[in-house]
Amino acid sequence: MIINYYGFRAIYLHEMDRFRRTLLQSLISPVLSTSLYFIVFGSVIGNYVQNIDGISYGSYIVPGLIMLTLLTQAISNTSFGIFFPKFNGSLYEILAAPISTFEMVLAFVGAGATKTLVIGVVILLTSNFFVEVSILHPLLMIFLLVLVAITFALFGFLIGLLSSNFEQMSIIPTLVITPMVFLGGSLYSLDMLPPFWQTVTYFNPVVYLINGLRFAFYGSSDFNIWISIGSMIFFLVACISVVAYVLKKGYTIKS
Amino acid sequence: MTQNLISINKLSKTYSNGLQALKDVSLDIKKGEIIAMLGPNGAGKTTLISIICGIVTPSSGEVNVDGFDIIKNYRETRSKIGLVPQELTLENFETVFNNVSYTRGLYGKAPNAQYVEKILKDLYLWDKKDDILRQLSGGMKRRVLIAKALSHEPSILFLDEPTAGVDVELRKDMWKVVERLRENGVTIILTTHYIEEAEAIADRVAVINHGEIIVVDQKKDLLSKMGRKKLRIDLHEKAEVIPESLMKYDLELSNNKLSITYSYDTQKQRTGITNLLQDLRDQGLKLKDLKTEESTLEKIFVTLVKENNDN
Numbered sequence: 001m002i003i004n005y006y007g008f009r010a011i012y013l014h015e016m017d018r019f020r021r022t023l024l025q026s027l028i029s030p031v032l033s034t035s036l037y038f039i040v041f042g043s044v045i046g047n048y049v050q051n052i053d054g055i056s057y058g059s060y061i062v063p064g065l066i067m068l069t070l071l072t073q074a075i076s077n078t079s080f081g082i083f084f085p086k087f088n089g090s091l092y093e094i095l096a097a098p099i100s101t102f103e104m105v106l107a108f109v110g111a112g113a114t115k116t117l118v119i120g121v122v123i124l125l126t127s128n129f130f131v132e133v134s135i136l137h138p139l140l141m142i143f144l145l146v147l148v149a150i151t152f153a154l155f156g157f158l159i160g161l162l163s164s165n166f167e168q169m170s171i172i173p174t175l176v177i178t179p180m181v182f183l184g185g186s187l188y189s190l191d192m193l194p195p196f197w198q199t200v201t202y203f204n205p206v207v208y209l210i211n212g213l214r215f216a217f218y219g220s221s222d223f224n225i226w227i228s229i230g231s232m233i234f235f236l237v238a239c240i241s242v243v244a245y246v247l248k249k250g251y252t253i254k255s
Numbered sequence: 001m002t003q004n005l006i007s008i009n010k011l012s013k014t015y016s017n018g019l020q021a022l023k024d025v026s027l028d029i030k031k032g033e034i035i036a037m038l039g040p041n042g043a044g045k046t047t048l049i050s051i052i053c054g055i056v057t058p059s060s061g062e063v064n065v066d067g068f069d070i071i072k073n074y075r076e077t078r079s080k081i082g083l084v085p086q087e088l089t090l091e092n093f094e095t096v097f098n099n100v101s102y103t104r105g106l107y108g109k110a111p112n113a114q115y116v117e118k119i120l121k122d123l124y125l126w127d128k129k130d131d132i133l134r135q136l137s138g139g140m141k142r143r144v145l146i147a148k149a150l151s152h153e154p155s156i157l158f159l160d161e162p163t164a165g166v167d168v169e170l171r172k173d174m175w176k177v178v179e180r181l182r183e184n185g186v187t188i189i190l191t192t193h194y195i196e197e198a199e200a201i202a203d204r205v206a207v208i209n210h211g212e213i214i215v216v217d218q219k220k221d222l223l224s225k226m227g228r229k230k231l232r233i234d235l236h237e238k239a240e241v242i243p244e245s246l247m248k249y250d251l252e253l254s255n256n257k258l259s260i261t262y263s264y265d266t267q268k269q270r271t272g273i274t275n276l277l278q279d280l281r282d283q284g285l286k287l288k289d290l291k292t293e294e295s296t297l298e299k300i301f302v303t304l305v306k307e308n309n310d311n
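Top to bottom, those sequences are chains A and B. So the first sequence is numbered by the working numbering: it starts at 1 and just counts up by one. So the second sequence is numbered by the working numbering: it starts at 1 and just counts up by one.
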C-alpha cells in the first residue's frame, strides 16, 4: 500500500457526512447571520453612506462578509472535526490505521475546506438577493477563496489539535478572528480611518485577505494584489510548518 | 516449528510524566494462537498493545509484525491488526453500519457491504445496523467495537478488556466469536481482568506486573507447573490441635476444627497422601469424607503478582 486512498476517502466522507447531519448549524446559520448583516449594514445603514471607490456600500461589504464567514467556518469546521474524535476517544482508530499523517491532515483539511467553499458560494448567492454583486476577476476570486479555505481549515485543524477542551477551541475564532475581520476593513475602507489607526491596521493580516478578495470582485483594493496573495501564502506555509511540527511531536494525540 | 507472527524485543516505554510503563519487554507470539495478558491495573498491558497498534510511540526496543517493523513499515503492520479498545469510544451520532464501514475504509479496504453485513450478522448486530450508536446499550457498543476491529479482515486481533462490564451471556457469546476467529486462523491477543476468561479461551498466558513480563507459558503447563492440589479431610469429631507427629505435613486445621487441609504438589513422584492417611489413622482420627481441589489460574496469578510485588 503506497497511499491509503480508501483511508483518505473514509475520513473525508465521514467529515462531509457530519456536515450533512448538522446542515442547520453548518449552512443555515451562517446564511441567516450574513443576511442580517446585509439587511442592517447594506440596506439600512448603507443608504446613509456614500459610495466607496465608486461602489455602493452594500456591494462594498460583500467580500468582507464572505471573508468573515469563510474564516470562521473554515476554522470551526476543521477544529471540531479533529477535536471531536480526540474528545470522545475515537481518534484511536485513526492513529492505529495504516494512514500517513499527511493523508489524515489532507482528508480533514480537504473536508473542512470543501464545507467552507460550499458555505462561501451560498453566501455569495445570498448576497445577490440583497445587493448588486459583480465579479471582475472570477478566476482570481476562485483562487483566493480556495486558498483562504485551505489555509484557515489548516489553521482550524491546528486549533483542534492543540485544544484540550471546548472553551479553548472557541477562544481563537471568537476572541481573535472575528475582531480581526471586523477591524480589517470588512465594513469600511482603510482611507476612512485616521492615519494612526491605518498604521495599526497594517499589522492585521486579515486586512490583506479582505482587500485581495475585494480586488477580485471590484478591482478596488487598499493594497497591491500580490501583497494579499503573498500574505496568504506566507500564512499557509506557516500553518503547514506548525501542524507538521505538532504532529511529529504527537502533541495531545499520541504519547 | 511454529512461525512467530509478532516479535517484541526489549520494548520500553517511559511517558513524559516519568512513568515507566514497560521495561525491556520481550515476547514472541505465534501465528494462530490465543495469548492472554494478565496483570493488575497499571501493569503495562494497554501500553504494550497501544505500541504494537501504533497509538503510542515506544521509547526503545522494537516490534515486528509478520516480519515488518511497526514504525518503518507501519502500513503493512497496521493493516494486519484489528483493535478492540478498553473504553467504549464510538462516534455517537453515526449508524452502526456506517461506522463499521468507516473503519474498513480507514484500514485501506474498498467498501464491501456484503462483508460488513456478514460481520454484523455474526455478532448479532444486523437488526441494529441503522441504529444510532448512542442509542445502543453498553454490551451492544462492545459488539460494535469488535465488528469495527474485524471490518478490514485482520489476521491479528487485540482485545483489550473485551468483556469488561458485559453480562455473563454476552461474555460467553464473545468467547464463541473468539473461538470462531481462531478457527479462521486469526491470532488473538487478549488482556483481561477476568482470569476465568483467560482460563476458558487462551492457549498461552503472560503475566505482566510493573511493566515487566514475569511469566509466560502455555496455560496447561502453567497450571501443572505452578498448580497445587489440596486434599480436604473432614473428621467425625473435632481435633483441638494438629498432633505433633503430623506437623511434618504442614496441615491446616479449619476454624470449626472439623476438617484438615493438606496441600501437595502433583508433579512430585510421592504426594505423601498414603503416609498422611496412615498417620491420621494411627493418631486415632476418624475420617468422614475426602475432597480434592485444584489451583485455578486465578490463584496462580495472585500468587505470582504477590511474589513479584514482595520482591
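Honestly, the hints are just simulated from the structure, not real lab data. If you're wondering where the values come from, they're calculated on a predicted model, not measured in any experiment. Take the hints with a grain of salt, since some may be wrong.
Claimed, not checked - In the DSBU-like style, the derived pairs of lysine-lysine whose C-alpha atoms are separated by at most 35 Å in a straight line are:
| hint | chain 1 | residue 1 | chain 2 | residue 2 |
| --- | --- | --- | --- | --- |
| 1 | A | Lys86 | B | Lys23 |
| 2 | B | Lys31 | B | Lys286 |
| 3 | A | Lys249 | B | Lys109 |
| 4 | B | Lys176 | A | Lys86 |
| 5 | B | Lys10 | B | Lys220 |
| 6 | B | Lys80 | A | Lys86 |
| 7 | B | Lys220 | A | Lys86 |
| 8 | A | Lys86 | B | Lys118 |
Stated by the list, open to error - Reference listing, derived: stretches of chain B covered by chain A, where coverage requires no fewer than 3 residues with Cβ under 8 Å from a Cβ of chain A:
| hint | region |
| --- | --- |
| 9 | 27-39 |
| 10 | 205-218 |
Note that the Cβ used here is the ideal one computed from N, Cα and C, for glycine as well.
Evaluation of the provided hints:
1. A:Lys86 x B:Lys23: OK: A:Lys86 and B:Lys23 at ~28 Å, within 35 Å.
2. B:Lys31 x B:Lys286: violated (55 Å)
3. A:Lys249 x B:Lys109: Holds, because 28 Å separates the two Cα atoms, which is no more than 35 Å.
4. B:Lys176 x A:Lys86: At roughly 32 Å apart (the allowed maximum being 35 Å), A:Lys86 and B:Lys176 satisfy the hint.
5. B:Lys10 x B:Lys220: Satisfied, since the Cα-Cα distance of roughly 26 Å is no more than 35 Å.
6. B:Lys80 x A:Lys86: holds (24 Å)
7. B:Lys220 x A:Lys86: Violated, at about 42 Å.
8. A:Lys86 x B:Lys118: holds (30 Å)
9. 27-39: violated (count 0)
10. 205-218: Check failed, 0 qualifying residues.
Violated hints, listed in ascending order, are 2, 7, 9, 10; each of the other numbered hints is respected by the structure.
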